[in-house]
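**Student:** These are the residues of each chain, in order.
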Amino acid sequence: MIRKFYIWHYVVFITSAIFILRFQEVLNSFTLLYYSIVCFFTVENFFINYYSFSQLDQILSPIILFAILVLVILKRNRWKFLSSRICFSNAMLIVLIFTFLLTPLIAPYNPNLQFNLSVSKLLSPFSSKKIGLIVDYSDDNYTPTKIEKYIHFKSIFEREVVDENYFLADSIITSNDINIYQRNTEITLPNGSNLKTQNALFIFGTDEFGRDIFSRLIYATRLSLFIGALAVGITFILGLILGFISGYFSKLIDGVLNRFTEMLVSVPTIFLVILFLAMFGNSLMVVIILLGSAGWMSLFKIVRGEVISIKNKNFITSSKLIGMSNWKILINDFLPLLLPSIIVNLVFQFANVIIAESALSFLGLTGNHLYPTWGAMIHQGQFYLEQAWWIVLLPSIFLISTLIVIYDFGRKFELKEI
Amino acid sequence: MITRIKAFSTLILLSFLLLTCTKTHQKSTDRVVVGLQNDLETLNPLYSMSEPELNISELIYLSLAGHDWDAELGTVTSYPLLAEEWKWNSDSTSVSIKLRDDVYWSDGKKVSSDDVVYSFDLYSDANVQSRFFGIFSNYFTKPDLSIDLKKSFEKINDLELKIKFKPQSVPSVFDFDMPILPKHIFEKNDRRELATSEINVKPIGCGPYQLDNWTRNQNIRLVKNENSFLIKENSVKEIYFKIVPDYNSLLNQIMKGEIDLAQNIRPEDVASLKSQVHLQISSRKGRSYDYVGLNNIDPNEFQKSGKLSPNQYFGNAKIRMAVSLAINRKSILDEFLLGNGELMVTPISPIFKSEIDKSLNPIEYNLTKSREILRNEGWTDTNGDGIIEKNGKKFALTLNVPSGNPLRTYSSTIVQNNLKAVGIDLQIATLEPSIFFNKMFKKEFDIWIAGWGVPIPLDLKPYWHSNPSIGGANIVSYTNKNLDKILEQLSRKVSNNTRTELLKQFQKIIADEQPVSFLYWIDTIVASNKKIQNLQINPLGSVQQCWNWVIE
Amino acid sequence: MNNSWFKFSKRLLSYVVTLFLLISIIFILLRISPGDPVQKFISPDLHPSVAEKMMHEFALDQPLFVQYGNFIKNLLSGELGFSYNFRQPVSSVIGTALPFTLLFSLTSLIFQLAISISLVTYVSKRKGNFLDKCLEKLSLGIYSVPTMLIGLMLLYIFSMKLELFPSSDLYSLDYPYFSFFEKMIDIIWHMTLPLITLSLPGTLIFYHYLKSNVDISYRKNFILFLIANGKSEKEIFSKHVLPNSLSTLISVVGVELGILLGGALITETIFGLPGMGRLTVNAILLRDYPLVMGAVLISGIFVLLSNFIADIIKINLNKRLKAEIL
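Residue numbers (my numbering), protein chains in the order written: chain G, 1 to 418; chain D, 1001 to 1552; chain X, 2001 to 2326.
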């Protein structure tokens, strides 16, 4: 049975699970898409005034979901990867890709949505509460304009704050009056107010601000992976270019660059990173650039070594004689030969960056970004270790399993199994 | 096989040793262990600034006067310590001080009035740069702010002296309550190099306790000075300051009884500490507060030209009021501080019971009112992005918070979410303290969260006077001429009734105008072992008058 | 011989140049980064001129190149200056943290090496047995756990829940009253969790390296020849396979040691230990310029030194490498 369970089965299973569990949200996304298309044609400067990345993200994610589903079913026999057997690292990789691409769809709440603290602080996993939403139906005859409808649907997704009309309660009883119970206090709503109630399940509990940890975890996964990927990109560019310059050109440049790398290697990188964070502030971009430029030394050595060993080969000399520019020689002649060893290095570098980022966040040295990272969640949770272990546990599990996946793939690349 | 048996037996032996050593705590009975989270820099009273430094240097070096807290009236009372008595003259411009006859420095020399004069000389010397430099405005001073010794001091004999203050000044005990230093020791050093001399780590004092050993970053051990007049037979023999930087392990050690006294317990741990039989939890009522700083002036303009032009967001008192109305301070107090604090009305702490105006109430959390004010001032959300605008300018700012303070980090998130509800968009920037405070004092922020401690006795001038050279701590550049006048009158000699009246006016103005958005007073929670008797925990501190401590 | 001495001194010189570059760059970075070393002297309780005076005292009001010149001059005469925050010479501040770091990292390194070598020895005698498979599967999983999580986990289980080990510090309170033997036990007791935290990932790296090296060595011709000659397996392993595999491990060990000596920041933070890592980071955060310079210099020296020692050991193990390395 398990032997016949291939990766494409798994992907189809996950996509349909998301579709069923988040049906309402998929529907809302499409409505939002509809209204934004309508508004685009009717309202002036719609994109400039009303659009932002998060809406695009929200609208795109169900489309991506369907695209994945169709693509996987069509290509299941073409792409070898899809019809290989499932194992832990494959399964985890797919989960990571899904959380990265479909973040807004998977996360039930906005990660920064803070419910009213009196009910929601440090809820344990699987606690269930009631959400009450007071709807204002004061003018029945009033028909909202398109743009107002758009804003309404947008606000459902973007709900970031709890105000007096949107609250969490331990229980809500609606008989004649509406009675709301919040941690031993009872509130009775005046007659005539319209209350919608929903169930809220916090699968992974809440943190000390009353925010849903599951949603935060999903967004943290995206941000952590994003930081890792961008930083590795920077490492790649720096390592490749500097390594090439060092190996390909004169001895003088080689000597200077070598001395420079030796110097950087001789001081623990974390101190340099902390120093630079102090200098340039700890915004997201700075953290990414720093982590990216902290790890190019090993790639530099690899590239430099290989460039030196092949630069006197015939095909390089002939390219030079044809009059190809240095840049072209690097891209056309060297890169294809270097790629296998670079990829292995970069995969491990990806793991290093993720570890480094979480370590920095753990020490509280990176700033507050819009969304949390795994390390930031662990940092935040360590103060509540005694009362709320779940804040630390879940990001840790994600962090560790991501690293296992990366190392596993790195090893496979190294042994040329892929 | 034999090697295996060997290895096995070593293992058993090791584990046995490990088990036994967990039980070999020979607890010294005559000792109090105080937990600290940071090591001290110096034990030299000239430079000690942090609370533990002051506590310890107070034990090693005695002052002329000590202080007590009168909880009923909310005022400080003084009692003679190194001085046997002091007498003010009729118009209280000079004081005659008689020293005790039985106090000796730990190297055997007797404490004399020369030491007193010398100490004040050092404290006020511009070359020494002590923490008291520049505050001797009630004394006769030279142009470089050092005390004019000839005019100010009159030595009568080795144990008696007279301090003369400037006419028109309002001197009090606080003008001469600094720790007295040994002249014969300090004299040996160049004054300019005192800050780095040996005395900082090897003090010679006249107090009830003397330094026995200081291992950096580990512990400081004080042993009682049997010759001191303050030491009774049953006084605690040893006071041991243990430095535990990690809060969780500090907590653990209090639970296990390894530490007998620790301050700054986090509110969420109070419940578990209370369940321990040997512990007593007490709290020092709020002497420090957090606030949301709302810059009254335009920071960019100020950086460029030093001009004070009103801030486009918070230059208007109504907007500041709207911000205060929108912050749910009670939720921070209830959920983070767990009630260990008090909502703030004005910067006069509730501990000053005779000075606070009880008729003023803290601002209620009221989103409707806040939105209304903002709307009336022209801030409305025109494009539905949830952020209010005025003249095309979005109300979107960066909220700056210093890192490393969990309460402020917590508050910042709450403030961010609260203000979002009225359409003010804040991005939180956590800056490390050395950068944060540098920028804050240079008035570079629009909005930030920080805090102040309140000095005892009450001193409001530096915090709220609009003149930058007087109000150095008025970082929001709040300007109100009436308030300035009130503050100036307060520092003159006034009757008690006028004083109360002036303070009332002050509080009214501050509460109405909200120069900053006040958050809450923070209680310092102290956990102590019940075995320590005569522990005095009040706004003045928890590690004080340790010579009265007795172990049961 | 002369030639190799020449190369030796050339290498030393290049180290000195590297160090010099390093501290120069750190010096400049520190001075141009925002933040104020005299920040704590600015407060409503203190007279404003105190901060200015302190600036002057620390010579921070002088132009950058004058400061730099003074720093280099002091450095050449062996002085690292005064720490702003400890009010002590930098050398004595570092002197409080360095012995611990030396002891801690060297013990950890010895543990890592001893455990990984003995594991490899055990496993390669019994190929394909339970432990071998276990390590094969588990090593990746455990290696993927970042240090901070290992530390937090150990702390939570053994210190908070089981209360077997202390959660922080180097010794107990009564340490000064203990006999020598008790002191030893006390330190071991306190160091157990931090040592495990610090050593676990390294052990696995070393194990991994050694294991693959041993596997490769077994496939080499001369080993096959020896096996064919009927030498005992034990002898082949301990006399030929292991030394052969160790030589490549040594440069890894060198790098690892250098990093350890710079301070194990995360472990020190979690367990509240007084090592170089925390000292350096605190100095950076408080803008204690002289202390940062001192700490960076020391850790730089250690990294280069341990690389150098690793090279020398490698040369002694394998004479052929001499020309290549020097």
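Any given hint could turn out to be false.
[What the hints assert, rightly or not] The calculated lysine-lysine pairs, modelled on DSS-like cross-linking and capped at a C-alpha distance of 30 Å, are:
#: 1; chain 1: G; residue 1: K301; chain 2: X; residue 2: K2161
#: 2; chain 1: D; residue 1: K1461; chain 2: X; residue 2: K2040
#: 3; chain 1: X; residue 1: K2040; chain 2: D; residue 2: K1304
#: 4; chain 1: D; residue 1: K1188; chain 2: X; residue 2: K2161
#: 5; chain 1: D; residue 1: K1393; chain 2: D; residue 2: K1318
#: 6; chain 1: D; residue 1: K1530; chain 2: G; residue 2: K130
#: 7; chain 1: D; residue 1: K1530; chain 2: X; residue 2: K2161
#: 8; chain 1: D; residue 1: K1274; chain 2: X; residue 2: K2073
#: 9; chain 1: X; residue 1: K2211; chain 2: G; residue 2: K311
#: 10; chain 1: G; residue 1: K412; chain 2: X; residue 2: K2220
#: 11; chain 1: X; residue 1: K2161; chain 2: D; residue 2: K1202
#: 12; chain 1: X; residue 1: K2211; chain 2: D; residue 2: K1307
#: 13; chain 1: G; residue 1: K196; chain 2: D; residue 2: K1420
[To be verified] A short list of chain D residues far from chain G (calculated; beta carbon distances all over 12 Å):
#: 14; residue: E1041
#: 15; residue: Y1079
#: 16; residue: V1170
#: 17; residue: D1269
#: 18; residue: S1288
#: 19; residue: K1330
#: 20; residue: L1343
#: 21; residue: P1347
#: 22; residue: L1399
#: 23; residue: S1412
#: 24; residue: P1457
#: 25; residue: V1494
#: 26; residue: Q1545
The set of hints was computed from the structure by calculation and includes no laboratory data.
Virtual Cβ for every residue (Gly too), placed ideally from N, Cα, C.
**Student:** So which of the earlier hints does this model not fit?
**Tutor:** 1, 4, 6, 8, 9, 11, 12, 17, 19, 22 and 23
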